[in-house]
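Q: In order, the protein sequence lines correspond to chains A and B. At position 25 of the first sequence (counting the first as 1) the number is 34 in this note's numbering, and the numbers step up by one without a gap. At position 33 of the second sequence (counting the first as 1) the number is 52 in this note's numbering, and the numbers step up by one without a gap.
Hints are computed from structural coordinates only; laboratory data are not their basis. Just to be clear, a hint being listed does not mean it is correct.
To spell it out: a stretch of chain A is covered by chain B in this simulated footprint if at least three of its residues, at any positions, have a beta carbon under 8 Å from a beta carbon of chain B; those stretches are [unchecked claim]:
# : stretch
1 : 31-42
2 : 50-60
3 : 74-86
4 : 113-124
5 : 134-147
6 : 162-168
Label pairs and their in silico Cβ distance ranges [unchecked claim]:
#  : chain 1 : residue 1 : chain 2 : residue 2 : range
7  : A       : Arg187    : B       : Met123    : 53 to 61 Å
8  : A       : Val180    : B       : Val31     : 21 to 29 Å
9  : B       : Lys28     : A       : Ala66     : 24 to 32 Å
10 : B       : Leu65     : A       : His183    : 28 to 36 Å
11 : A       : His220    : B       : Lys28     : 25 to 33 Å
12 : B       : Leu102    : A       : Lys76     : 43 to 51 Å
13 : A       : Ala72     : B       : Leu65     : 17 to 25 Å
14 : A       : Asp141    : B       : Phe86     : 28 to 36 Å
15 : A       : Ala108    : B       : Gly50     : 29 to 37 Å
16 : B       : Asn117    : A       : Ala66     : 31 to 39 Å
17 : A       : Ala66     : B       : Asp92     : 43 to 51 Å
18 : A       : Ala66     : B       : Val31     : 45 to 53 Å
19 : B       : Arg119    : A       : Ser105    : 41 to 49 Å
All residues carry an ideal CB built from backbone N, CA and C; glycine is no exception.
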Amino acid sequence: MSANELRHVGLNLADYGEITQPEAESAIFGFWVFLMSDAVLFALLFATYGTMLQATASGPTPASEYKIGSALAETLVLLTSSFSFGMASIAMKYPSPGAQQPRLLGWMAVTLALGMLFMGLEFHDFLGMVKDGALATRSGFLSAFFALVPLHGLHVLAGCVWLIVMMVQVVHFHLDARVRINILRLGLFWHFLDVVWVAIFSVVYLQGLIH
Amino acid sequence: MTNLADERKSEVRAYIAGFSSALLLSAASFGLVWWRPFSPATTLALVFGLALIQMIVHFRFFLHISFSRSSRDDLQLILFAALIMALMVSGTLVILFNLRTRMM
């Protein structure tokens, strides 16, 4: 197995005439540029959160609002969804015989279900905070929290919508080159969201719970 | 055909290796905060260190970025973006914490 194949699992477009390999690679590189600009956006929200950490205005504090159990559950769900997307990428690289792709669609459906479970858990957390009066308007700390963490949640929502769109495309267009490249991009996006979540559970939740 | 099946198996194994090391690293972070075997400052440093290692694991096993020649372009883009982010984040933190100590 060459390093090039390992680089982007599924980027073997030799049998698909309409897009050449260099075109596919530059399409993926372009998506990396978008991901890194998104990472800069998140990094600055993290920096804002860091400077606002003490600005609780005698309101709710990180230690009183964060729950280690639900942060752990969200982490496990998102990590597992990243793994199941990896399995979907492999199912795409080694497609089933015939036009229908039951394994690929199955792993995409598992990923979608885990993504929606993650959003449900996170929404439940936010509702609990709102019930405690921990609204974004309460203090600088909460404004920074509600700018950073729900933005990641919105990204997961966008990823879920994109997953549904790609599942429909797999059913309708089967695995043509455009569908493959878009599933590769979606995979990068999904794994990237997992990296951002690693930063969120370490910097936001765990830091807030250490006394 | 067997060759293809072997390749597939080794790729699945790579994902399983990445997934299990990511799980272990997250579990270590949460365990440190749950049981608190160390002082708060040490715990915080360890949690941040583990997070950095876990991000590298994700990039290596899930995003397929390595130091091999074929992914140099992606690697350079990521390292440059990381440099920009380090400058902006550390600059923001230094200036605003400095302002706060001056106002206290």
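Q: With reference to the structure, classify each hint as holding or not holding.
A: Cross-check of the supplied hints:
no. : hint                            : result
1   : 31-42                           : holds (count 3)
2   : 50-60                           : holds (count 7)
3   : 74-86                           : holds (count 5)
4   : 113-124                         : violated (count 0)
5   : 134-147                         : violated (count 0)
6   : 162-168                         : violated (count 0)
7   : A/Arg187 - B/Met123: 53 to 61 Å : holds (58 Å)
8   : A/Val180 - B/Val31: 21 to 29 Å  : holds (25 Å)
9   : B/Lys28 - A/Ala66: 24 to 32 Å   : violated (56 Å)
10  : B/Leu65 - A/His183: 28 to 36 Å  : violated (48 Å)
11  : A/His220 - B/Lys28: 25 to 33 Å  : violated (47 Å)
12  : B/Leu102 - A/Lys76: 43 to 51 Å  : violated (35 Å)
13  : A/Ala72 - B/Leu65: 17 to 25 Å   : holds (19 Å)
14  : A/Asp141 - B/Phe86: 28 to 36 Å  : violated (47 Å)
15  : A/Ala108 - B/Gly50: 29 to 37 Å  : violated (47 Å)
16  : B/Asn117 - A/Ala66: 31 to 39 Å  : violated (22 Å)
17  : A/Ala66 - B/Asp92: 43 to 51 Å   : holds (47 Å)
18  : A/Ala66 - B/Val31: 45 to 53 Å   : holds (51 Å)
19  : B/Arg119 - A/Ser105: 41 to 49 Å : violated (59 Å)
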